[in-house]
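S.K.: Model the placement of chain B on the given structure of chain A, informed by the hints.
Chains A and B, in that order, are what the protein sequence lines are.
Residue numbers for the first sequence follow my numbering, so the first one is 1 and each next one is one higher.
Residue numbers for the second sequence follow my numbering, so the first one is 1001 and each next one is one higher.
Honestly, the hints are just simulated from the structure, not real lab data.
On a predicted model such as this, the values are computed, not experimentally measured, just so you know.
In this text, a Cβ means the ideal position worked out from N, Cα and C, and glycines have one as well.
Take every hint as true, because none was put in to throw you off.
Partial pick of chain A residues on the chain B-facing surface, computed with a CB cut under 7 Å:
1) G32
2) D33
3) L39
4) G40
5) P41
6) D47
7) L83
8) A156
9) V157
10) P170
11) T259
12) G262
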Amino acid sequence: MIRYILQRIAGMIVVMFLVVTIVFVIVRVTPGDPAAVMLGPDATPQDIAELRTRLGLDQSIVAQYVFYIGQLLRGDLGQSIFLNMPVTSALLDRAEPTFFLTIFSLVIASVIALPIGIYAAYRRGSFVDQASTTIAMLAASIPSFWLGLILMQFFAVRFNIFPVSGYGGPGASFGERMYHLTLPAFALGLVSSALILRFTRASMLDVLGDDYIRTARAKGVVERRVVLKHALKNALIPILTVLGLTAAVLVSGAVVTETVFGLPGVGNLVVSAVLRRDYPVIQGALLVIAGLYVLINFAIDMLYLAVDPRVRY
Amino acid sequence: MKLKLALLATIALVAMPSYLMAQERGGVINVATVGEPPTLDPMTSTADLVGIVTQHIFETLYTFDAKWNVTPLLAESLPEISADGKTYTIKLRDGIKFHDGSDMTSEDVVASLNRWTKLASRGKQAAEFIETITATDPATVTIQLKQSYAPLASLLAFNNSAAIILPAEKQADVMTDFVGTGPYTLKERKADQYIQLQRFDGYKSREGESDGYGGARHQYLDEIRFVPVPDPNTRVEAAVSGQYDYIDALPVESFDRLKSAQATQPLVLKPFGYPIFVFNTAEGNVKNVEIRRAIRQALSMEDMLAAAFGSTDFYALDGNIYPSNFAWSTDAGVEGNYNIADPEGAKEAATAAGYDGKPIRILTSRQYEFHYKMAQVAAEYLKLAGFAVDLQVVDWATLTQRRADKGLWDIYITHSPFLPEPALIGSLSPSSPGWWNTPARNAAVAAFSSEVDPEKRLKLWADVQKAMYDEVPYMKIGDFNGVSSKSTKLEGVEASPWPYFWNASVTK
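One chain only, chain A, in its complex shape (with noise of 0.2 Å):
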């Protein structure tokens, strides 16, 4: 079990540096030029080489990435050259919106998600199955973005019920900022929820025809009981997978939704990075988002063991 995880955590530590070393060259031969897009379009050239020598961009790529690598083990992402400030703290300032949002359409898809996949199989056949296997694969082909715009036509600008865009002004309370996510919240949650019904169903159909269930029913167990605690016990590993994985896109930042919605969130920053060729946050958050994505998986794995007793490592 230790020799398992201390083996993850070594591969852990290849994948991030593959990942550092693969977005910075990414990054670097990417033409652009944050100086040219700082300065703005009237800036003269002699301006534009002077700022790249302030940010140390006329330096050669083997010399910045050292300074790069050196500044990382450190724990230092480095400084935002359009923000100036930290890249850390400039990834702390979009991890709420991001994480709420996470929190958010993870609850909204499994609310919808959770108890139709398990009627649906349950009732294999049935008009519910038909109808939300049908609006499950017709949910799933959606953009959520497109949803987002759908969203907002309606209850933003036809019915004003909530703000098209924004995370609230200064100051805004906790239950404002929250009412500024619902409808991003509900587009991803909305599209999420189809691919963990799908799931959800496959799994339990998968547990509902095994043997103890079939012995749990000859012993006259309610049948309730047999779905909710037996069924739905076992059948939870897949479904917590596809859990895991939907968090981690969410987390790294829906990056289109978020967009649209004008959410200053981590896919905002990392859209925003880009179009700035603001290179440190680029790849901070980069670096970080891979890091999650890591963890998340190996959380998973570490939560099988703990759903599952017959998992070994």
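M.R.: The following block gives chain B in isolation, referenced to the frame of chain A:
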């Protein structure tokens, strides 16, 4: 009787046009902008967005009135200019306070102008002509020039790459304290979320009427919040829903929706600016002026504008660099050189000029969709004229990098608002990408820059425009309008290339 009087008073109030009612003090507005400004130091950036936000925090010695004439702001009056045009004596207003409570003196102005000549693109442009900047007394500054340089007052008045006045002890190259003299102070900046400004109680407004960016600044609002909303479609929806009080830079296609909305009304700035095709005159396939002329001969400006802006409600064919509402408007050189749309004639001209079939590399971006649409139309006309075309569509950051390399492009597409003074046009500089640097250009621009008589300058500007049409360093495509929108409750805001809100108020 009392009831009758009250009724009459009510009817009179209802019937009174809103502009006759006094604007109310108080309130907060949210302004949706196109994004997050790259800096809040307007000396170090020429980006319009930086100017829009920071003109509320910082002030310059001069600014522009509604007719785009230079008018004093922190200076008491327009500068006294010596007969030879080489000495500018600037009297400062008294009682001006910085946001930190200190008084503005000539020492602050001298230190700030020195920082401007060191850090700002436009300041460096002026620095070539400046001998000394000195504080004559606590309320007077003297700028001594090496030779007369007429654009100086305009350069000192502009709001980006701006000659803002800062406290003498806050002149670091990288600004960390945002202390100005403007009507609003910076309260909080949360990058990509909002920039919150609040009324500066120590502000001393000019007296008299407001006049464009000049005159009285009333500070009706308690707070102004600039909120970045980078997605143009989201800005449109936010405008229609009434979420923001002012929404900047909206697509022209949204005009009808905005007009039918209840919470907001469109504002049209007619004209806002002009799209430009800049030629690489230094290297490559269009270095030969005859080939540049052949390209111009091939193109239909009308079709490009129609593709880009849809309706003539939003564009106008106009070859004059400045439109008719500017004193600078002249048709010098335009006749026979604009909107020719003659691909066959262009083909003959290109062959005669020795065009060798190498692709014309057009660098454009979809960040501004109208650039891309114009590029597509241009490419088709050029193909009809026998040119090979390599349309390179990149994002704006890539374009701004590539255009600095003489070896990478032949034409790039950009646009500009109409700047109050032609000397502010970046493309006129020989160091600007395009690198127009010929004896004709140098003679025309030098004569224009050194003349101080306003009437003579108009004539000399016509010579510069004629040189542009003769040598084709860049092509103006036409005029286009800008669309923004404002809440029906917002007063005191007019369409402007750099909207300002110190005279704005909200009705309750």
